[in-house]
Structure formats: structure tokens, C-alpha cells
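Novice: Residue strings, one per chain:
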Amino acid sequence: MLGFIIQRFIQAVGVMAVMSVIVFFGVYAIGNPIDIVIPPDATQEIREEAIRRLGLDRPLYEQYFTFVSNLMQGDLGRSFVYNMPVLELIGGRLPATLELVMISVISATVLGISLGIFAGYYPDSWVSKTIMAVSVLGFSVPSFWVGLILILFFAVHLGWLPAGGRGETVMIWGVAWSFPTLNGLSHIALPAINLALFKLAMMIRLARAGTREIMLTDTIKFARAAGLSEATILRRHLLKLISIPIITVFGLELGSTLAFAVVTETIFSWPGVGKLIIDSISVLDRPVMVAYLILVAFLFVTINFVIDLIFALIDPRVRQGASA
Amino acid sequence: MYHQKFLAPLALALGLAAAGAVSAQTLTMGVRGGPESMDPHFSALGSHAEAAKHIFDTLVWSGTDLQIEPGLATSWTAIDDDTWEFKLREGVKFHDGSDFDAEDVKFSIERIPVVTGPTTTAIYVRRVKSVDIIDPYTIHINTDGQAATLPNDFIRLFIVSSDAAANYSTLETAAAGFNSGAATIGTGPYKYVSWQPNSDLVLTRNDDYWRGKGAWETVIRKEIPNDSSRLAALKAGQVDVINYVSSVDYLALQKDADIDAVVGDSVYIMNLQLDQRVDTPLVRANDGSKLAENPFRDLKVRQAIDHAIDRETMVEIVLEGLGRPANQMMPVGFFGSNADIPMPEYDPAKARALLADAGYPDGFQVDLYCTSDRLPGDGAICQGLGQMLTQAGITTNVNAISRTVYFPAQARLEYSMFMNGWGTLTGEASYTLSSLAHSNNPDIKLGAFNRIEYKNDEVDTLLQSGATMMDEAARRATYEDAMAKIMADKAYISLVQLQTVWGTKAGSLKFEPRFDEDTLAFFITPAS
Amino acid sequence: MSSDPSRLSLFWAEYRENKIAVLALAVVVAMILLAVFAALISPQDPYDLAKLSLRDSRRPPGFVGTGGYTHLLGTDPQGRDLLSAILYGLRISIQIGLAAGFVSLTIGTTLGILAAYVGGRVETLIMRLVDLQLSFPAILLALVIVAMLGQGKAQLIGALVAAQYAYFARTAYGAAKAERGKDYIEAALATPLSARLVLWRHMLPNCTPPLIVVATVQIANSISLEATLSFLGLGLPVTEPSLGMLISNGFAYMMSGRYWISVYPGIALIILIVAINIVGDQIRDQFNPRLRK
Chain A
619 MLGFIIQRFI QAVGVMAVMS VIVFFGVYAI GNPIDIVIPP DATQEIREEA
669 IRRLGLDRPL YEQYFTFVSN LMQGDLGRSF VYNMPVLELI GGRLPATLEL
719 VMISVISATV LGISLGIFAG YYPDSWVSKT IMAVSVLGFS VPSFWVGLIL
769 ILFFAVHLGW LPAGGRGETV MIWGVAWSFP TLNGLSHIAL PAINLALFKL
819 AMMIRLARAG TREIMLTDTI KFARAAGLSE ATILRRHLLK LISIPIITVF
869 GLELGSTLAF AVVTETIFSW PGVGKLIIDS ISVLDRPVMV AYLILVAFLF
919 VTINFVIDLI FALIDPRVRQ GASA
Chain B
175 MYHQKFLAPL ALALGLAAAG AVSAQTLTMG VRGGPESMDP HFSALGSHAE
225 AAKHIFDTLV WSGTDLQIEP GLATSWTAID DDTWEFKLRE GVKFHDGSDF
275 DAEDVKFSIE RIPVVTGPTT TAIYVRRVKS VDIIDPYTIH INTDGQAATL
325 PNDFIRLFIV SSDAAANYST LETAAAGFNS GAATIGTGPY KYVSWQPNSD
375 LVLTRNDDYW RGKGAWETVI RKEIPNDSSR LAALKAGQVD VINYVSSVDY
425 LALQKDADID AVVGDSVYIM NLQLDQRVDT PLVRANDGSK LAENPFRDLK
475 VRQAIDHAID RETMVEIVLE GLGRPANQMM PVGFFGSNAD IPMPEYDPAK
525 ARALLADAGY PDGFQVDLYC TSDRLPGDGA ICQGLGQMLT QAGITTNVNA
575 ISRTVYFPAQ ARLEYSMFMN GWGTLTGEAS YTLSSLAHSN NPDIKLGAFN
625 RIEYKNDEVD TLLQSGATMM DEAARRATYE DAMAKIMADK AYISLVQLQT
675 VWGTKAGSLK FEPRFDEDTL AFFITPAS
Chain C
119 MSSDPSRLSL FWAEYRENKI AVLALAVVVA MILLAVFAAL ISPQDPYDLA
169 KLSLRDSRRP PGFVGTGGYT HLLGTDPQGR DLLSAILYGL RISIQIGLAA
219 GFVSLTIGTT LGILAAYVGG RVETLIMRLV DLQLSFPAIL LALVIVAMLG
269 QGKAQLIGAL VAAQYAYFAR TAYGAAKAER GKDYIEAALA TPLSARLVLW
319 RHMLPNCTPP LIVVATVQIA NSISLEATLS FLGLGLPVTE PSLGMLISNG
369 FAYMMSGRYW ISVYPGIALI ILIVAINIVG DQIRDQFNPR LRK
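Protein chains in written order, with our numbering: chain A, 619 to 942; chain B, 175 to 702; chain C, 119 to 411.
It should be emphasised that the hints constitute simulated quantities derived from the structure, not laboratory data. Watch out, some of these pointers could steer you wrong.
[As the list claims (entries may be wrong)] Only part of the chain A face toward chain B is listed, based on derived beta-carbon distances under 10 Å: (1) Glu667; (2) Gly692; (3) Gly695; (4) Phe698; (5) Tyr700; (6) Asn701; (7) Pro703; (8) Leu705; (9) Leu707; (10) Ile769; (11) Gly783; (12) Gly792; (13) Lys893; (14) Leu894; (15) Val901.
In this text the structure is predicted, and so the values were computed from the model without any measurement. The C-beta atom is built at its ideal place from N, Cα and C for all residues, glycine as well.
Work out the full structure, taking the sequences as your base and the hints as a guide.
Specialist: In C-alpha cells, the structure reads:
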């Protein structure tokens with residue numbers, strides 16, 4: 619087991635190293651932030667001064683090594699625009715994104731798995747068919763469009779919920795959260811629904827497909843033959859068996875939800891990290907772009923690593939296969 | 175009331191009185207953009223300066239109509255060709271109780287080039303060679319040659335405390351010192367409480383302000399970049415006033431009895447610019463072949479374009495009423511603008527006749543480039559322009575693109591016909607005309623933004639002499655003359671002047687819109 | 119290669135059983151036809167500036183404009199007939215979806231089969247890269263690439279391809295790897311037949327069914343991704359509006375009640391994507407032996 623962990627860990631570190639190179643050179647090689655950072659009416663002197671100040675006159679590999687050595691000390695650089703440590707900038711926005719993503723993913727998972735198991739368990743019921751039809755919609759309709767319709771209907775037409783922004787916050791452990799307040803919840807409702815729909819559809823489909831396959835397996839047949847109640851079968855066998863693919867997807871989806879939050883945050887003016895990255899892209903604030911991508915990559919690698927470990931715990935074959 | 179609920183935790187944090195009392199004395203402003211740092215010298219962006227004006231004072235004050243007035247300096251005179259004397263206001267105190275004097279001015283001027291960010295504030299002190307302190311309330315500014323408009327440059331010269339900021343005046347330390355509040359000590363109407371980038375700036379009143387006590391005990395400047403969200407926040411009572419109501423929402427607001435809309439003229443004017451080079455890249459004959467010469471060098475073609483543009487429709491339809499037709503590159507009334515320039519008339523038939531006269535009876539093809547994300551309506555004006563020119567016979571391919579692509583390409587002189595807004599931020603002509611209309615000459619730092627190689631020798635002479643004229647009346651006449659000549663040449667065709675809208679809850683607030691579009695809490699008062 | 123008529127008609131017979139899938143297919147075909155013949159069907163050429171009038175702009179559905187005809191779906195801020203703009207927008211969206219899908223298919227399949235066929239270091243390198251990319255959200259990748267390349271059709275397609283080729287590579291690799299291990303390929307390789315012929319005749323056809331499924335889904339995804347990028351302001355220039363751009367242009371007007379500018383293009387987009395996905399679903403089910411009854 620330890621060997622397996624070490625092996626996976628080394629792989630993860632390798633992936634991070636590769637990602638840092640790709641991200642850094644990808645972002646720094648193309649585009650010239652200087653034209654965007656300085657005003658259009660700047661003179662040549664101002665321009666050269668800004669280039670020197672931002673370190674853009676040094677060779678790319680040198681900039682990369684500076685970046686990596688700073689990274690090792692936990693310094694992700696300073697924003698061109700704000701002259702602030704990027705980590706501080708992202709850190710200030712992170713709670714908003716985290717609460718949005720967590721609420722979306724958890725509600726989508728709980729609801730999605732329940733509906734999916736139902737649809738898989740009673741595949742021919744009209745309820746199941748409705749669930750599946752709705753899931754196809756949730757799966758195909760672009761999320762920005764759903765966001766627009768949510769705003770049009772609930773905010774403009776009915777006027778029940780705010781159209782955007784984050785609500786009242788309270789400080790918990792020195793961080794501002796909006797979900798504990800009623801006003802905060804009313805602001806978070808629409809973006810969370812928007813972000814959750816796609817995941818919900820995916821969870822339904824996954825849980826249904828898993829349930830259908832497992833219900834036909836011998837394990838379940840034997841369990842039934844052995845006279846176990848359906849509830850016990852559901853609890854003891856089904857949930858355990860479908861948990862593996864669902865844990866994987868939950869983990870991966872947590873990451874991709876974070877990425878998709880970019881779209882939702884833009885539509886609902888949610889002051890999170892996604893909005894920050896869109897703004898940074900439009901002004902080519904490279905340090906923020908790089909830091910964000912590296913952090914997302916780090917998150918993904920960590921999630922993959924954790925999923926591997928959980929797998930190894932649940933299913934011994936995985937670790938045997940890997941160390942063989 | 176939502177208001178109180180929102181402020182309750184804050185009031186506790188500030189140790190203020192009961193929540194009920196807070197709401198009447200608190201002004202919450204929903205604004206589109208914000209400062210990039212708490213260091214006033216970091217950025218020259220308008221929204222940055224707007225936020226800084228709450229905490230810091232400038233040496234020279236720029237009034238509602240951008241006329242220059244005394245600020246921390248009470249008077250100024252040019253004592254010889256390259257020296258200005260500024261008399262400073264006595265008895266002004268910083269937020270920490272220390273006295274303001276000449277040392278702070280010198281310190282601030284010298285600090286700017288060191289700590290400025292990429293959107294440089296060095297432009298405000300670019301003419302300054304050195305600063306001499308004569309006595310605690312008199313300074314001499316030595317300039318590189320005659321600098322007639324130095325007081326105009328100083329409208330954004332923020333004065334920080336030389337004691338409080340002493341240890342926070344390198345690029346590395348400035349942000350930390352100011353963002354934490356340690357160095358954020360000004361003489362302005364409000365004191366710094368807290369700030370989050372892209373979020374809230376919280377301020378509390380400076381009771382000893384030299385202009386008098388402000389109306390609000392607490393001011394919260396809330397950044398809400400999305401136009402619709404900002405308006406929604408106003409409707410929901412989360413904020414008391416918002417800036418930059420979009421033209422789209424303005425129409426609906428006029429019917430809304432709960433909201434007052436305050437309309438103000440903006441300094442931004444949209445100018446169509448026609449390349450004057452012999453060889454211009456993006457103009458073709460209708461069959462795609464190269465034309466014998468650049469048609470924009472022919473005055474008749476330029477006049478034809480001017481007549482093809484229906485400015486009234488631009489304002490009424492495209493901007494939904496939020497603008498005025500423009501006939502020169504500056505709002506009329508600014509120093510150096512010319513009231514005698516006629517409004518060009520919309521006459522497509524005349525445009526076609528002029529084109530035929532110039533030898534293009536069937537017109538030609540051109541690629542038009544504009545920004546689509548810089549100023550309200552820029553993309554839409556561009557597309558409207560395309561329609562109007564095409565209907566007059568000049569087949570126009572419209573390219574309304576992101577400013578991040580547009581400005582670099584414009585600087586590389588890649589376009590033949592292009593449009594963008596220009597704001598006369600100093601309120602006087604030399605700022606605009608010497609940058610745009612003088613032929614480009616880096617040696618004398620004139621014509622830096624003349625991206626069409628426009629050159630009129632008479633205009634060049636006028637602008638050069640205007641820049642050194644210390645006599646105000648003579649200078650005004652010179653710029654007025656230059657303006658008339660430039661607009662008659664039609665290489666720059668001014669289209670519309672934009673307007674800005676603020677929204678407040680009906681009958682709740684009183685304030686005068688400013689030309690520079692700033693929303694300043696000190697000048698906003700309760701209606702009753 | 120495998121266009122054996124009996125197989126195809128068998129496939130069709132099975133497909134026909136699902137009425138919804140047939141309807142979806144009809145919708146897809148109809149929309150492609152509408153896009154192809156947009157110039158003939160549209161009441162107005164939305165790109166001909168000489169025919170537009172600003173006086174007609176932002177009019178509600180049913181407005182009779184200066185052109186003399188009724189704007190069934192209203193007009194946009196430039197006075198364009200919205201129905202015509204949607205038809206032309208459909209064309210751009212489908213073009214981009216197909217182009218990105220096809221290029222990704224070609225690049226991805228080539229890489230996938232190459233990895234499976236050559237093996238060794240090449241295999242490890244390619245598949246590591248592909249897996250790495252698959253774990254990263256496509257939208258982020260496309261976002262960053264488009265931000266770096268700038269606006270324009272080619273750049274957008276490039277970004278979509280970069281974000282999507284990995285799905286094809288993974289699929290082709292899986293299928294080809296399974297074939298590679300089979301005896302008949304080993305046998306064919308042992309004969310004097312050229313390696314290329316083996317690849318072409320045997321490995322590629324066996325990868326085709328799963329690739330068709332992935333291609334269908336990815337074309338829908340490309341269209342959706344393009345719309346999303348355009349909505350975020352990172353897609354095509356505003357003057358050549360795809361459906362996503364039309365929606366984005368109308369977004370600002372939604373709050374003031376002029377919903378049609380955004381809503382109708384959106385409905386067209388959704389019908390297209392949902393229909394493609396339903397067709398893809400049905401094809402997948404038919405190819406998946408485990409779900410066969």
C-alpha cells in the first residue's frame with residue numbers, strides 16, 4: 619500500500635511540474651500584456667518603463683525560473699493590475715466561489731443519486747422517464763442560457779430573487795460567508811441552481827446506468843435468492859457498488875464545477891474567482907492567469923490522487939494491479 | 175429595512191451607534207469600477223482617482239465643469255518661463271492630526287515616479303524638473319521649459335503624508351502600506367476604514383475637513399461592475415446611488431417613479447479618424463482592386479463622409495437619447511473649444527454628389543475598426559456608422575473589436591478608418607489637440623496619438639505657440655482658431671458626445687453631475 | 119469500407135424504432151438545410167448594411183419595418199431582422215461545430231491509433247498528455263487559448279480543437295488497442311502487406327463506431343462551447359454573430375423587457391444541441407452491445 623501511495627505521489631508531482639511549464643509558457647509566450655496594461659495614450663518612455671518594471675524584458679526561461687523559485691516559497695507573484703500578491707487577491711475571492719460550488723455540487727449529488735437510483739430501479743415508470751427526459755435537457759442546454767432564463771423568470775418577471783451579486787455576509791473564522799444569512803441565501807439560490815443543473819443531469823445518468831447494470835448482476839440475484847429484503851439489497855450492495863464511479867465523478871466534477879463557475883459567476887456577477895479570471899484574461903494580467911491555472915491544476919492533481927487512494931481502499935484489486 | 179440589516183455587523187465593528195441611526199447617516203454608493211490600490215499614486219485610471227479623492231486632496235481642484243480651482247494650493251503664478259510658484263493652504267491637518275505643509279507636496283511629487291503602476295500617474299508630474307521649498311507654505315516648481323498647463327496637470331496630484339508614507343514608498347512596500355491603512359493618511363473629507371479589491375471601500379467622516387463637515391458619517395463605495403446588477407441593487411435599496419446607468423436601462427428608468435435619473439454630459443466624444451497617408455492599407459475599389467490613391471486624402475471624400483452621418487439618429491436610436499451630436503473634439507464650453515463651428519448637416523444626396531465629384535461615383539470599399547468594449551455604445555455606434563456610410567455609397571465592413579486588440583493595432587497604424595472615444599480629461603484644448611491634431615513629432619512630444627498622419631502646418635504652428643503662451647486670453651484664441659481649422663479639414667470627424675446617468679432613489683439625494691463622471695460622496699447631500 | 123448495405127439498413131431499422139430519435143434526426147437535418155440555404159430563405163440579408171435601417175432597431179416581434187415586410191421575431195439593436203440573423207447565425211454555429219469536430223476527429227484519431235499501433239515511448243507520451251488534458255475542464259482550456267490567440271473564426275476553431283481532440287484520441291486509442299491485441303492483426307502484420315494497409319483496412323474501421331458516437335456528442339459540445347465563449351465576449355467578433363453572440367448581444371436588453379433579442383436565438387441554439395444529443399444517444403445505445411436486449 620505504501621509503495622502504491624509513493625508511486626502515485628511521484629506521478630502527481632511530475633504532472634504538476636509539467637503543468638507549470640505548459641501553463642507558464644502558454645500564457646507568457648503569446649500575447650503582449652503591455653499594450654493592455656498601459657493606457658492607449660502612453661508614450662514610448664512610459665511603455666519601456668512599464669516593460670522593465672513588469673520584468674517583461676528578461677528572457678522567458680529566466681522569468682520561468684524566477685516564477686518557480688518564488689512558487690517554491692509559496693509566492694505566486696504579483697498582479698500587474700493591482701500590484702498585490704496574487705494569492706491574496708485570489709484568497710479574498712475564494713470563499714465566494716467555494717460556497718457557491720459546494721452548495722451546487724452537494725445538492726446536485728444528493729438529489730442526482732436519489733433520482734438516478736430511482737430511475738434505474740424502476741426503469742419503466744413514467745416518473746423515471748420524466749426524470750431522464752429532464753436530465754437530457756440539463757445535459758445539453760448550455761449553462762449560460764439556463765442562467766439567462768433563470769434571471770428572466772425569477773428576477774425580472776416574478777421579482778422573487780435578486781438578479782445578481784452576493785448578499786449579506788457574516789464573518790466566520792475571519793472569512794466572509796454569505797450562506798448563513800437569509801439575504802445571502804436568496805442571492806446564492808439562482809447561481810447555485812444554474813451551476814448545479816449540469817451536474818445533476820450527469821449524476822442522474824450515472825446513478826441510473828450503474829443501478830441498471832448492477833441490478834442485473836449475479837450478486838443481486840443471489841442476494842434476492844437468499845431472501846434479503848430489497849431495502850437491504852439497496853443499502854448493502856447497490857450503494858456500495860455504484861459508489862466507485864460516483865466518487866470518481868464527484869471528485870472530477872468538483873474541479874470542473876469550479877471551472878464552470880466562470881460562466882455562472884459572469885452571468886450573476888458573483889464576486890468569485892471565476893469572475894476574477896475572466897477579468898484578468900481581458901486585461902492579460904498574466905500572474906493572475908498563471909496562478910489561477912496552476913491552482914486549478916493542483917486541485918485536479920490532488921483530487922485525482924485522493925480518488926486513487928480511496929479506490930485502493932475500497933477495491934484491493936486496484937492497488938494490486940498497480941504494484942504488479 | 176434591508177439597509178440596516180446589512181450595516182448592523184459593520185456598525186458593531188466600527189463601534190458606531192445603534193443600527194437605526196446609521197442608515198440616515200450612511201451613504202452607500204454602487205459604482206462600476208474601483209481603485210486598483212489604496213495608494214493614490216498607483217494608477218491614473220478614472221475610477222482609481224475617484225476613490226482616492228475621498229481620502230486625499232489634490233493640489234489643484236477640478237470643479238464640476240472641470241474648471242480649475244484652489245485645492246490644497248490656494249493660488250499659483252508663473253514667476254518666470256520655467257518656474258511656477260504655489261501658495262499652500264495653511265491650517266490643514268492630516269487624518270492622523272499632523273500638519274500639512276510643503277514637505278508633503280515635495281514628497282508626493284517625488285514619490286510618484288517610483289511607486290506608479292503600469293497605468294502611470296507620472297504623466298501628472300512629467301513637466302516637473304525639481305521642487306524647491308521656499309517656506310512651509312510656498313513652493314517653487316521648476317519645469318522643463320514653459321509649462322503653461324502645469325496647474326491642469328496637478329488636478330490629480332494627490333498629497334500623501336510624508337511621515338505616514340515614508341516607509342511605504344517603494345514599489346514593493348507601497349501596496350502593503352496603503353492597503354493596510356498604515357499609510358492611507360490624507361487630508362480629504364473621509365478617513366480610510368477598510369478595502370477589498372473589487373469589493374467594498376469603507377470610509378468614515380473626517381470631522382476636521384477644511385471644506386467643512388461632510389453630510390455622511392459613513393460612506394461605503396461598493397463595486398458592482400455589471401450594469402444590470404448595479405441597477406438591481408439600487409431598486410432593492412442595497413445602495414443609495416449608482417453611476418453609469420446603461421442607456422438600455424435609462425429608458426425604463428424614466429418611467430419608474432421610484433428612481434430618479436440624473437443625466438450629465440461626459441467628456442468623451444466619439445471621433446471618426448481617416449488615414450491621411452499616401453498609401454493606406456484597408457481601402458479598396460468595389461472589385462477589390464487597389465485604388466490609385468488614398469481617397470481619404472481628398473477633402474471632398476471627407477466632406478462626403480461627414481454628410482453621410484446622421485448624428486441625430488445616432489443619438490436618438492443607438493444611444494437611446496443619451497448623448498448629443500458633436501461637431502468638434504471637445505465639449506463646447508471647454509477652454510479652447512469653438513462655438514462658431516457649424517453642426518454638419520445630414521445629407522446623403524450631397525454625400526453621393528461629393529463622392530462622384532471626387533471621382534468615385536460608385537464609391538469604394540473600406541474596413542472600419544472600432545472598440546466595442548470601452549465606452550457605452552461604442553460598438554453600436556460603429557455598426558450604425560457602417561450602415562450610414564454603406565447607404566451613401568462607401569461599402570463599409572464593420573469590425574467592432576475588443577480594445578485589447580484595437581489600440582495596439584491602431585498604434586501600429588494598421589487601420590485606414592477607425593473610431594474611438596477621446597475624453598478631454600483636463601477640460602482644456604491643449605490636452606486633446608496637441609496629442610491628436612499636431613503632426614507626430616516625438617522630439618517636441620507632440621502628436622503622439624495622431625494615428626492618421628494628419629498634418630496641417632498652420633495647425634502645427636498654432637499648437638506650438640499655444641503651448642508656451644502664458645497669457646490666458648491669447649492662448650484661448652489660439653486654440654479656438656486651431657480647433658476651427660482642424661474640424662474644417664475633416665480628417666477627424668466628431669460624431670457624438672456621450673452622456674452619463676446616475677440613479678438615486680426618488681427624491682432622496684441632491685448632487686450635481688460632474689463632467690469627469692466622478693461620484694464623490696462629499697458633494698452628495700440628503701435632499702431634505 | 120464497412121458500408122455494407124445490409125448492415126446500414128439493419129442499423130436504420132433499429133434506429134427507426136425510437137420515434138423521438140427519428141424526430142431529433144429530422145430536426146438536425148432540417149436545421150442544417152436551413153443553415154445551408156439561409157441566404158435563400160431569410161427575408162433579409164442581415165449582413166448587407168445597405169438594407170438595414172437603424173430606425174427599425176429593437177422592434178418587437180410582428181413589427182412591419184421600413185423594408186416593407188413583417189419582422190416575425192422582431193429586430194436586434196442594429197435593425198436586423200432577427201429571424202434572418204438567427205438563420206445566418208445558425209450557419210456560423212454549425213460551420214464552427216462541424217469544422218472543430220472534424221479537425222479534432224482527424225487529429226485525435228491519428229494520435230490515438232498511432233499510440234496504439236506504435237506502442238512504447240510514443241504510446242506513453244501521447245496517452246499521458248491526453249489523460250492529463252482530459253482531467254482538465256475543456257471550457258477553461260478553450261478560454262485560455264482563445265484569450266491568447268485573439269478573436270476570429272480560425273482562432274476559435276483552434277481553441278475548440280485543442281480542447282476536444284483528446285476525447286477522440288482516448289476513444290480511438292481504446293478501440294485500436296483492443297484490435298491490436300487480436301490475432302488477425304498480428305497475422306496480417308506478419309504477411310507482406312504494408313503496415314499502412316493493415317492500419318487502414320483493419321484498425322480504422324473497427325474504431326469507427328465509437329468514434330461516430332464521440333463525434334456526434336463533440337459537435338454538439340463544440341457548438342455549445344462556442345456559444346459560451348461568444349457569450350463571455352471571447353468568441354467571434356460582434357459583426358459576424360453566431361447564435362451565442364446574438365444571445366450575448368441581447369442580454370443587456372433583457373432587464374428592460376426586450377426579451378426577444380436574446381430568447382429566440384437561444385431557443386434555436388437549444389433545439390439544435392438537444393436534437394444532436396438525442397441522435398448521439400440513440401447511436402450510442404445501438405452500438406453498445408451491453409444495452410442490447
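Novice: All the hints need checking, so say for each whether the structure fits it.
Specialist: Against the structure, the hints:
1. Here the hint on A:Glu667 is kept, as its CB sits about 7 Å from the closest CB of chain B, short of 10 Å.
2. This hint is violated: A:Gly692 has a C-beta 16 Å from the nearest C-beta of chain B, more than the 10 Å allowed.
3. Residue-level restraint check for A:Gly695 is violated (minimum Cβ-Cβ distance to chain B is 13 Å; threshold 10 Å).
4. Checking A:Phe698 against chain B: minimum C-beta separation of about 6 Å stays under 10 Å; hint holds.
5. Taking 10 Å as the C-beta cut-off, the interface hint given for A:Tyr700 holds, the closest approach to chain B being about 5 Å.
6. Contact between A:Asn701 and chain B, as hinted, is supported at the beta carbon level, the nearest pair being about 5 Å apart and thus within 10 Å.
7. Interface hint status for A:Pro703: upheld, as the beta-carbon distance to the closest one in chain B is roughly 9 Å, under 10 Å.
8. Taking 10 Å as the C-beta cut-off, the interface hint given for A:Leu705 is violated, the closest approach to chain B being about 13 Å.
9. Against a cut-off of 10 Å between C-beta atoms, the interface hint on A:Leu707 holds, since the closest Cβ of chain B lies about 6 Å away.
10. A cut of 10 Å between beta carbons decides the hint on A:Ile769: the least distance to chain B is about 8 Å, and the hint holds.
11. With 10 Å as the threshold, the beta carbon of A:Gly783 comes within range of chain B, its nearest partner Cβ sitting at about 5 Å, so the hint holds.
12. Look at A:Gly792: its Cβ only gets to about 12 Å from chain B, farther than 10 Å, so that hint breaks.
13. With a least beta-carbon distance of about 8 Å to chain B, the hint placing A:Lys893 at the interface is held under the 10 Å criterion.
14. For A:Leu894, the interface hint holds, since its Cβ comes within 10 Å of a Cβ in chain B; the closest pair sits about 7 Å apart.
15. With 10 Å as the threshold, the beta carbon of A:Val901 comes within range of chain B, its nearest partner Cβ sitting at about 7 Å, so the hint holds.
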